[in-house]
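> Residue strings, one per chain:
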Amino acid sequence: MIRVVLPAHLRTLARVEGEVSLEVDGEVTQLSVLDALERRYPMLRGTIRDQVTHRRRAFVRFFAGGEDLSHEPPDAPLPDAVASGQEPLRVVGAMAGGRGTPATARP
Amino acid sequence: MSAIRVLVGTRKGAFVLTSDGKRERWETSGPHFGGWEIYHVKGSPADPDRLYASQSSGWHGQVIQVSKDGGRSWEPAGNKFVYDGVPGTHQWYDGTPHPWEFARVWHLEPSPTDPDTVFAGVEDAALFRSTDGGQNWTELSGLRGHDTGSSWQPGAGGMCLHTILLDPRTPGRMFVAISAAGAFRSDDEGRTWRPVNRGLRSEQIPDADAEVGHCVHRIAMHPARPSVLFMQKHWDVMRSDDAGLSWTEVSGNLPSDFGFPIDVHAHEPDTVYVVPIKSDHEHYPPEGKLRVYRSRTGGGEWEALTRGLPQSDCYVNVLRDAMTVDSLDPCGVYFGTTGGQVYGSRDGGDSWAPIVRDLPAVLSVEVQTLP
Chain P
1 MIRVVLPAHL RTLARVEGEV SLEVDGEVTQ LSVLDALERR YPMLRGTIRD QVTHRRRAFV
61 RFFAGGEDLS HEPPDAPLPD AVASGQEPLR VVGAMAGGRG TPATARP
Chain X
1 MSAIRVLVGT RKGAFVLTSD GKRERWETSG PHFGGWEIYH VKGSPADPDR LYASQSSGWH
61 GQVIQVSKDG GRSWEPAGNK FVYDGVPGTH QWYDGTPHPW EFARVWHLEP SPTDPDTVFA
121 GVEDAALFRS TDGGQNWTEL SGLRGHDTGS SWQPGAGGMC LHTILLDPRT PGRMFVAISA
181 AGAFRSDDEG RTWRPVNRGL RSEQIPDADA EVGHCVHRIA MHPARPSVLF MQKHWDVMRS
241 DDAGLSWTEV SGNLPSDFGF PIDVHAHEPD TVYVVPIKSD HEHYPPEGKL RVYRSRTGGG
301 EWEALTRGLP QSDCYVNVLR DAMTVDSLDP CGVYFGTTGG QVYGSRDGGD SWAPIVRDLP
361 AVLSVEVQTL P
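Chains P and X are the protein sequences, given in the same order.
Each residue of the first sequence is one higher than the one before, starting from 1 at the first, in the numbering used here.
Each residue of the second sequence is one higher than the one before, starting from 1 at the first, in the numbering used here.
No lab work stands behind these hints, which were simulated from the structure alone.
We put the beta carbon where it would ideally sit given N, CA and C, even for glycine.
Each hint should be verified, as a subset may be incorrect.
What the hints assert, rightly or not - So the derived label-pair ranges between C-beta atoms look like this:
1) P:25 to X:357: 34 to 42 angstroms
2) P:63 to X:312: 47 to 55 angstroms
3) P:19 to X:80: 20 to 28 angstroms
4) P:51 to X:198: 46 to 54 angstroms
5) X:371 to P:71: 55 to 63 angstroms
6) X:80 to P:12: 19 to 27 angstroms
7) P:65 to X:311: 57 to 65 angstroms
8) X:25 to P:54: 23 to 31 angstroms
9) P:25 to X:92: 37 to 45 angstroms
10) X:48 to P:95: 37 to 45 angstroms
11) X:97 to P:25: 52 to 60 angstroms
12) X:47 to P:52: 26 to 34 angstroms
13) X:371 to P:84: 58 to 66 angstroms
Stated by the list, open to error - Selected chain X positions facing chain P (in silico; Cβ < 8 angstroms):
14) 1
15) 74
16) 76
17) 86
18) 89
This is chain X alone, in the form it adopts within the complex:
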């Protein structure tokens, strides 16, 4: 029987939640790295026992941890993230130039084919790659060196590269997203990049239709149809049918089109999930009701999923890396909140139950479907 392993990063440590394929009873292990911020934990698709974790603190900076036994034991790996060449400047919040400074790793994306290869998205925004299991890191500096790099500016959470999507169909193609620069695509394994933001509109920048400067919160794709992308922007839910070259808004009937995570059903490429949040100032659900919204039409038409979720007095947030899907049938959907709950659905979102509650604020949720 298959098994499920949910990897949870929180403000004060990592937790590993496991269940058999029924997804009814869960065991919690952790906190791992207690007291440290765990921005992300993710497993290698090529070797599910290989896990990578980003551990950081304001006191002691960045540590990368690697497990080779599915999270039972961990070893610190390399944590030397040095920008290629002279880093130069980007825009600060007030529009003045500010030197590029490494702060932390937001997202780790293991290669689908090689357990030793992993990409890291960092703040201040840059993309790094390790090909030796996280021991040594090299910047793919064509991204930060893009002509527009000096005009990128931080979002409220810092100038972070938070999304890395590896296209499983087109060799060499990958997407990243940066707050607040936007989405970028490479077709040559990360050597060169182009902004892919046409169709995005952001009133917070001088030219609302600019090539870069958009606060993209998250991008998602279905692996069987990687030319279709879904995006949760600062405001607006967007869709691209041409691998990012152009975007159209699909917010439709959402109660708010502000939010952070977005994800796609494992078996239905047009079934998409978001968690509407009231506004960029009020980082909590509209009306105090925690609702996941599901579209079965690839956006545009959305239904509220509420069964098992708090429908009054709920003022938590769901952060951008804190939603994921398993690949069982029916598809499991999982998300974590800043209130420390991790909710799971065993039926594609129709009903929900907390897997665990009262963790530290959840920063990220990933899931592994194990044989």
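Isolated chain P, as found in the complex:
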């Protein structure tokens, strides 16, 4: 099982408490984990990444094992510790956020 920690706002939206555990088919990547997350919690579509381009939103970051994975390619394998369920993938709202911000992350 893959473990995902969501920020508080998204836990409220998805009506979950604590970590989320997901079955992920095939290789464990940002893409496959987010696909599984959004299948299970459709209300999260568009809140972490753009629904069409799948680009990460500008003020959302992905951390695991003390590393920032936000800028890794979405189809790159996640660290073994995440793939084995030893470590959670942490979806984090950036320290800076709020208004007047671009809707999606730019390349």
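Assemble the complex: chain P is given as a structure, and chain X must be docked to it using the hints.
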């Protein structure tokens, strides 16, 4: 006995204020969606228990929430707002081309006849419609595709479509307003559009009388007389007697003709309310006095309404979607401030009292008059 439900959107959540028809004692529920910006909450005229809310944040973007029980419970609906075709560009603040990018929903306008049909005005300016209770959204792209679309530019709050008026008398007719493009009218249910800005003058654009480019802040109509429109522009209060084809200024004796909201009395089509704001830089009331101004002559002559409102050291703003009227008699008038107060009047504006104070900054106020 009738009841009143006031729907308040704030910077950090939604609140529902309820009272019986006396409008003396109010109960507050909320915050709903705490921590999120709630640009607008509005109920369906066809089913008052059906509410739509626009929930957004800089972190997580847009969510649409729907309630089927008058706001006691909510379910997230569809939030996929995709522009039709290749979106192209509009003007950026500096006049350079800038790609159309969806940011948020500013205004939700439910159909008067079908609880499942609702229009959404969005930033960057476009009009969307859902016919399945907010699950799926389709752009009415004839508006953004208007010949002038590439010349529209953002107002200070972004390039937002903030006003949607559905004409209850003329089938297929609707009005929208965009900052800073102006007012537009459709006579075919939103398929095609024409700018309706003749008579507006804006010194902030190269041609002050241009067909588009005006920063219209709000338009209001009385449902019994929808060919008469009232407008609060960036500067100037305007009136049209021909469904927007031409406008004349009715600022009259207002202490400032800058402001955001404008609304019309429920039973008197020539009674209009505005909240003068000092200037486009100073977003607070002149002289630190929070005054609603009322015209009983359809504009031109205005009286200050001050009883119960702070008359010294008040420096709040009242945003464009933050004023509304109920349909009881006498008419109730409500508005919310960036200081977090929601004021109500039970006597058409003669006197005011805070219904609630110390909410987060208020973005929108709507009211439902319930049987």
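> Each hint should be assessed against the structure and marked as holding or not.
Consistency of the hints with the structure:
Against the hinted window of 34 to 42 angstroms, the Cβ-Cβ separation of residue 25 of chain P and residue 357 of chain X comes to about 53 angstroms, which falls outside the hint. Under the hint 47 to 55 angstroms, the C-beta atoms of residue 63 of chain P and residue 312 of chain X, about 50 angstroms apart, fit the expected range. Distance hint check: the CB atoms of residue 19 of chain P and residue 80 of chain X are about 27 angstroms apart, consistent with the given range 20 to 28 angstroms. The beta-carbon spacing between residue 51 of chain P and residue 198 of chain X, approximately 40 angstroms, falls outside the hinted interval of 46 to 54 angstroms.
Restraint check, residue 371 of chain X to residue 71 of chain P: a C-beta distance of roughly 56 angstroms satisfies the suggested window 55 to 63 angstroms. Taking 19 to 27 angstroms as the suggested C-beta distance range, the pair residue 80 of chain X and residue 12 of chain P conforms, at roughly 21 angstroms. In this structure the hint that residue 65 of chain P and residue 311 of chain X lie 57 to 65 angstroms apart at CB holds, the actual value being about 60 angstroms. Checked against the given bound of 23 to 31 angstroms, the beta carbons of residue 25 of chain X and residue 54 of chain P, roughly 50 angstroms apart, lie outside it.
Separation of residue 25 of chain P from residue 92 of chain X is about 43 angstroms and conforms to the stated range, judged on CB atoms against 37 to 45 angstroms. Checked against the given bound of 37 to 45 angstroms, the beta carbons of residue 48 of chain X and residue 95 of chain P, roughly 42 angstroms apart, stay inside it. Here the CB-CB span from residue 97 of chain X to residue 25 of chain P is close to 43 angstroms, at odds with the stated 52 to 60 angstroms. For residue 47 of chain X and residue 52 of chain P, the Cβ-Cβ distance of about 32 angstroms falls inside the hinted range of 26 to 34 angstroms, so the restraint holds.
The hinted window of 58 to 66 angstroms between residue 371 of chain X and residue 84 of chain P holds, with their beta carbons roughly 60 angstroms apart. Because the smallest distance between the Cβ of residue 1 of chain X and any Cβ of chain P comes to about 36 angstroms, over 8 angstroms, the interface hint for this residue is violated. Proximity of residue 74 of chain X to chain P is violated relative to the hint, the smallest CB-CB distance being about 10 angstroms (cut-off 8 angstroms). Checking residue 76 of chain X against chain P by beta carbon gives a least distance of about 4 angstroms; that is within 8 angstroms, so the hint holds.
A least Cβ separation of about 13 angstroms between residue 86 of chain X and chain P goes past the 8 angstroms threshold, and the interface hint is therefore violated. Among the interface hints, the one on residue 89 of chain X is violated; its C-beta lies about 16 angstroms from the nearest C-beta in chain P, farther than the 8 angstroms criterion.
Going down the numbered hints, you'll see the structure goes against 1, 4, 8, 11, 14, 15, 17, 18, while the others check out.
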